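Engineer: Listed here are the chains, written in short residue letters.
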Amino acid sequence: MGHKVWKLLVLLVVAVLVAACAPATPTPAPQATQPAAGQVCTVGFINHLTGDAAAYGQSMKKGVELALDKINANGEKIRVIFEDDRLSAADAQTAFLKLVDSDKVPVILGSGSSTVTLSLCPKAEERKVVLISSISTAPALKQCGDYVFSAMASDDAQGPEWAKVAEYLKADEVAVMYLNNDYGIGVKDAFLASYKGKVLIAQPFELGAKDFRTEILKVKATNPKVVFIVDHVAEGSIVIKQAAELGMNVQWVTDVSMVAKEVIDLAGAAAEGIMGLRAGSTQTPEYKEFEAAFQKKFNEPPTIWADFSYDTMMLVAMAIDKYGCNSEGIQKGLMEVSQSYVGPSGPKAFNEYGISQGVYEWMVVKDGKWVLYEKK
Amino acid sequence: MDIFAQLLVNGLIAGGTYALAAIGYSMVYSILKFINFAHGSIAMVGAYITFFLAIQSLHLPLPAAFFLSMLLTALLGISVERIAYRPLRRAPKLATLTTAIAVSFVLDAAVMILMGADIKTFSLPVMQGYSIGPVLITPVQIIIIGASLLFMLLLYILLTRTKLGKAIRAVADDPSLAEASGINANVVIAAVFGIGSALAAAAGSLIGLDTNLQPTMGFLITIKAFAAVVLGGLGSVYGAIVGGFIIGIVENLGVWVIPPVWKDTIAYGILILVLFVWPAGLFGSVEEAGVLQQ
Amino acid sequence: MEIAVHLLVLITIYGILAISLNLMVGMAGLFNLGLAAFYGIGAYTSAILSRNFGVPVGLSLLAGVALAALIGFIIGLPTVKLVGDYLAVVTMGLGEITRAVFKNWVPVTRGPMGLPGIPHMSLFGFKLDTAPFFLAFSFLMIAVSFILVERIRLSPFGRVLRGVREDEMGAQALGKNTYWYKMTALVVGSGLAGLAGGLFAHYMNFIDPSSFVMWLTFFIFLAIMMGGLGNNLGAVVATGVLMVLREGLRFAGLPPAVAAPLQQLIFGILLIIMTIFAPRGLIPEQKPRYD
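Residue numbers (the working numbering), protein chains in the order written: chain A, 1 to 376; chain B, 1001 to 1294; chain C, 2001 to 2291.
Rather than coming from a laboratory, the hints here were simulated on the basis of the structure.
Predicted, not measured: the structure shown is a model, and the values here were computed from it.
Backbone N, C-alpha and C fix where the C-beta goes; we use that ideal spot for every residue, glycine too.
Any given hint might turn out to be false.
[What the hints assert, rightly or not] Heads up, simulated DSS-like pairs for lysine-lysine below, C-alpha to C-alpha not over 27 Å straight-line:
1) Lys2127(C) to Lys1033(B)
2) Lys104(A) to Lys170(A)
3) Lys376(A) to Lys225(A)
4) Lys2081(C) to Lys1093(B)
5) Lys366(A) to Lys170(A)
6) Lys261(A) to Lys297(A)
7) Lys128(A) to Lys104(A)
8) Lys128(A) to Lys2127(C)
9) Lys77(A) to Lys366(A)
[What the hints assert, rightly or not] Partner residues are not named here, just some residues of chain B that face chain C (Cβ under 10 Å, in silico):
10) Ile1003
11) Ala1005
12) Leu1094
13) Gly1133
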């Protein structure tokens, strides 16, 4: 090897060691204090903005933008910096450190993915930055600590609600189809734990696939009358469509994430009569107002999870209003303001773990629209 | 038995889309000997063009939008070749592979910016499929299977009965010899990219019609088509089609007995097994692929 | 700036991957698209051993390296004789199969939920629980990997390897057993990828299957391509350049409405331009003097 290369290498070693040792004392959590009254508070946002799950991240971004319009209506109070996690723990970490070190944000609206949020939570606790996810539902989030919040109830709340639906439908045997990821497995397990009847088959399927026909045939072969399905809309809408094409006539009951227009768009007439859970309520004045504002700004009906990210942003803004633009204040503020807050996605009171409690509404597709299910 | 028939048809539907995508892939390989990793993204763009023409803006009738999209995507493929691949024809193979990956980044990002990341659907009426014997199948699915067979036939005619076809085969066999005998290799290569991209657009649009559209759908198409091409034998266009159908069928039959989360594992497992027995794929020639026998 | 340290750690880890891939692809011509699998095997092995069984972290790291190398060997037995694109598809398939195992062997890997709470690295009782300390260690590891592979490159063994890459028939004609030369490159390369994986697991303290996707393999391919095939220093430098480019675009202040896809778009365009103007990489392979 040439001398030059060695010299370069030695130089690199020295440079890196210097870089490594200089801040060897772990920097004490920078109490991100931003300015007092009258100035703009900068807030971070990390979500999947590109890649396979971009549809959800971009949708949540819209909810935040809508909330910002309202918050900043009388002069700019809050500015949000949007970062991409590419659905990867390492990239989320990069985005997190960029927001905390470079933009000095005291609070980050966290990822839609429970896995990514979980990977960030030790860092958030260490740096004392509030991490609030709109829709992360993994029960493990409870162990994260004081600085991590989620505005959606854990998976273990959705399962029992499904069991109630099953009881109401007098279904003593059902089939379950679930997405093979943290979310799908979480809801399925919670359901299996609380459902008393017989489960004919619990059929997993893969995220990102487009051909579910054989999976559907396996479920169909057990002759279920009621099928519970937990899925993202991209795959779930295809499952409903392909099941109809394969002549499967069952009562579908979906999780909260499939109660979205995409299912009806794709499955068309086959979507009629599908039941599903909705977190929060579409009947409240808060939701109606949100729906109209969203339609006005983006020229489309609210996209998936936008109501949750909207509420998350509003809660953060209220907390900042109350205790200022610093993470301790926001942490305290979130606990307090959430207790009485009711937004388009429902009441958001955080419990001792910093997780909102779910209220579910039963929905059904009627004449090509998700409407409230009327219990007989 | 009934279920077996339905599984077989499910496999044909999945296999038809893989096969359609694989044809263009294989044609490019046979001429340039490089893996066009942007092929799936080109199929994705084709699907979005069809959607744009038929649903989003011009409201053209679906067949018109479909064929216009094939044409426009052909132009896209030719431009991609001209801009990103041609300057590198004499560069190491890995350089072309790099630009191919980069092109797929660019196309995916561009569609995401222009069309949004949300899921798009054609919203065709959904109905129970026609019963043919014990099997249920929808018109779109019949078109998918039919189209891959039809394009296979058209391609056969093109390659064997036309002047362009002869030129393509000549360039594939020996580019310098073909140039010496007065064939303009650049034109032939552009034609191959055009045809391959048009077929990719057809595949992407049909997948979109059967399921839905997302800017990242290209990657899956690339992977499955790549597997189909290798299974059939690199450079063998007919092999690619057979490979596509085999993978579709094996996946669907396999999932019946094995949990579906292992679906891709089944496809790759079969592929690896086949390569151990026939190192150059089912229809590939050992010499051409440069596979060493020890 | 912790982010700078974080990026440097990632660069050293990905740099080891680049050195590993360079040994396999750049030097031996083994077109391995399954790099992320070996990386993942190293990560999961070390994480599970240390987290669930209390194995000391240094030892678990070595176990990860050994298992990755062993699996490289087993896979190599039938596949090393395949060349070029066929090897590419087989290794790609193995990569996806491995990821399916990470995802679906839930009792052991916790599947898609990921493994939280992986213990920190410790060295002779000294805990490397801050990023700067970890950087020092991962830098040491990349230096060791670099020197190891450079020694291989400059040895007679490396010369044969290069010969195999350029003209396998010729090398065989000279009586060289190309099979074992390539096998050695594959085994060492796989072990290095396993090392990188182990480092990643103990740095992040959390792993899940999404960290071991094919995208990463592509990214490292781009790096060795840019750095100049067969050039180890170039590969590491290019890894750094690409990472800084990719993450640096976060600081570019792009319009928020389209910032994320726009970053991807710009990254892609820059890559195309760079490749067209320097198809042999930014720092082309330097031939050893005796060549």
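Engineer: Next, verify each hint and record whether it holds.
Structural biologist: Hints, one by one, checked against the model:
no. : hint                     : verdict
1   : Lys2127(C) to Lys1033(B) : violated, 51 Å
2   : Lys104(A) to Lys170(A)   : violated, 54 Å
3   : Lys376(A) to Lys225(A)   : holds, 19 Å
4   : Lys2081(C) to Lys1093(B) : holds, 20 Å
5   : Lys366(A) to Lys170(A)   : holds, 21 Å
6   : Lys261(A) to Lys297(A)   : holds, 18 Å
7   : Lys128(A) to Lys104(A)   : holds, 12 Å
8   : Lys128(A) to Lys2127(C)  : holds, 22 Å
9   : Lys77(A) to Lys366(A)    : violated, 42 Å
10  : Ile1003                  : violated, 24 Å
11  : Ala1005                  : violated, 28 Å
12  : Leu1094                  : holds, 5 Å
13  : Gly1133                  : violated, 34 Å
In this structure, the earlier hints numbered 1, 2, 9, 10, 11 and 13 are contradicted, and the remaining ones agree with it.
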